[in-house]
Amino acid sequence: MTVGVVLDASALVEYARNDLRSLPVDELLGEIADTGSPIIIGWFALDEARQILDDQPAALDHLEALVAEHGVRLPDNAMTKTVDLVSAEGQLSRGLAHSMLLAVGGRQLATYAAATLRAVGYDMGRVLDLDEIFRG
Amino acid sequence: MRRPDIELSDAAARYVEEHPAVIEKLANGIPDDEQQQLRQKIRAQLRTRLHDGRVYAESAEGRAAGEAWLAQFGLTASQVR
Numbered sequence: 002m003t004v005g006v007v008l009d010a011s012a013l014v015e016y017a018r019n020d021l022r023s024l025p026v027d028e029l030l031g032e033i034a035d036t037g038s039p040i041i042i043g044w045f046a047l048d049e050a051r052q053i054l055d056d057q058p059a060a061l062d063h064l065e066a067l068v069a070e071h072g073v074r075l076p077d078n079a080m081t082k083t084v085d086l087v088s089a090e091g092q093l094s095r096g097l098a099h100s101m102l103l104a105v106g107g108r109q110l111a112t113y114a115a116a117t118l119r120a121v122g123y124d125m126g127r128v129l130d131l132d133e134i135f136r137g
Numbered sequence: 041m042r043r044p045d046i047e048l049s050d051a052a053a054r055y056v057e058e059h060p061a062v063i064e065k066l067a068n069g070i071p072d073d074e075q076q077q078l079r080q081k082i083r084a085q086l087r088t089r090l091h092d093g094r095v096y097a098e099s100a101e102g103r104a105a106g107e108a109w110l111a112q113f114g115l116t117a118s119q120v121r
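Protein chains in written order, with the working numbering: chain A, 2 to 137; chain B, 41 to 121.
No lab work stands behind these hints, which were simulated from the structure alone. C-beta atoms are modelled at their ideal positions from N, C-alpha and C, and glycine is treated no differently. You can take every hint at face value.
Derived SDA-like pairs: lysine to any residue, alpha-carbon spacing no greater than 20 Å straight-line:
no., chain 1, residue 1, chain 2, residue 2
1, A, Lys82, B, Trp109
2, B, Lys81, A, Glu32
3, B, Lys65, A, Glu133
If you anchor each label on the Cβ, the simulated ranges turn out as follows:
no., chain 1, residue 1, chain 2, residue 2, range
4, A, Glu65, B, His91, 28 to 34 Å
5, A, Asp56, B, Ser118, 36 to 42 Å
6, A, Asn78, B, His59, 40 to 46 Å
7, A, Gly126, B, Val56, 25 to 31 Å
8, A, Asn78, B, Ile63, 41 to 47 Å
Just chain B, with the same shape it has in the complex (with noise of 0.2 Å):
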C-alpha cells in the first residue's frame, strides 16, 4: 500500500536531483557553528510563518475554509476540537 506522508512525491524526488548540496548536508551532517547559523535563519523564518499562519486560522476566511474542508465529511469544527 503506497505510503504518501512517507514516500518522496515525483517533485520531492525532483527536489533531491536539483539540490544535491542539500542532501549530501542531511546525509554527513553540518558543523556546530554552522549549524547554529541555520537554526537561527530557521527560528526565524518560523515565527514569522507562525504569525501569518496564526493570523490566517483565526480570521473569517481560515475558518470558512476549515468549515467547509469539514462539511464535505458532515462534520463541524466543534467536532473535531
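Okay, chain A solo, but in the shape it has when bound (with noise of 0.2 Å):
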C-alpha cells in the first residue's frame, strides 16, 4: 500500500503564499522528504489553486516550482466521472473532491479546509487538519 500525503488547494494556496500559514505545509514538505513519502497534488486542486492564485506572480512561480519538483495526478475520464459526482454530491469544488478521493485507501490529506470535510462527513482519521497546528 502506498504511503503519502495529499495536498488540497488550500493547502497549495498556502504554502505558495510563503507567509504564516505556508509555515505546516513547507514543514511538512519537509517532514514528508526525510521519510521518502510522496506529495501527491491532483490536477483539479492545481487548478483552482492557481485560479485562486493568478493575480499573484511570485506565489505562481513557487507553487509551480513545487508542482515541477513532486508532479500532478491527472485525472482519466473515470475518476474525472467520479470527482463531478463527489463533488455534486457533497457540494464541493472538484479539487477538494479529487483530492479526498486520492486520500483514500493510505494515504493523509493535507488541508486547511478540514471543517468542510467534517461537515460531508468525510473519514477525519485521515486528515492532516493544518489550522489546528495554530490552534494548539
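Hints in hand, dock the two standalone chains.
Following this line, the structure appears as C-alpha cells:
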C-alpha cells in the first residue's frame, strides 16, 4: 500500500503565498522528504490554486516550483466522472473532491478546509488539519 | 457559486474573531527567531500527526472507513490509486 500525503487547493495556496500559514505546509514537505513518502497533488486542486493565485505572480512561481518537483496526478475519464459525482453530492469544489478521493487508501489529506470535510462526513482520521497547528 | 474550500466557514470566521493575535501575525509576519521556534513546534506536531495518521490509514479500521466512503460512490480503493 502506497503511503503519502495529498495537498488540496487550500494547502497549495497557503504554501505558495509564503506567509505564516505556509509554515505548516513547508515543514510538512520537509518531514515528508525525510521519510521518502510521496506528495500527491491532484490536477483539479492545482487548477483551483492557480486560479486563486492568478494575480499573484510570485506565489504562482512558488507553486509551479513545487509542482515541478512533485508532479501532478492527472485524472482519467473515470476519475473525472467520480470527481464530478462527489463534487455535486457534497457541494464541494472539484479540487477538494479529487483530493479526498486521492487520499483514500492509505494516504493522508493535508488541508486548511478540515471543517468542510467534517461537514460532509469524510473520514477525519486521515485528515491533517493544518489550522489545528495554530490552535494547539 | 460558493467555494467551501477557500471561503471561511462560520467556524473559521468565529476563530478569526476569537484569535486576533494569530491574525495579526498572519498579516504582519514574525521575527526570524520566533519563526524558527514556531517551525520547530510545527515540525514536532506534524511528526506526531503524520505517524498517527499513517498508523490509522494502514489499520483495518482506517482501510474499512476508506472503503466505506468510496463504496457510496460505487468505487473501491484500487480504482482511485
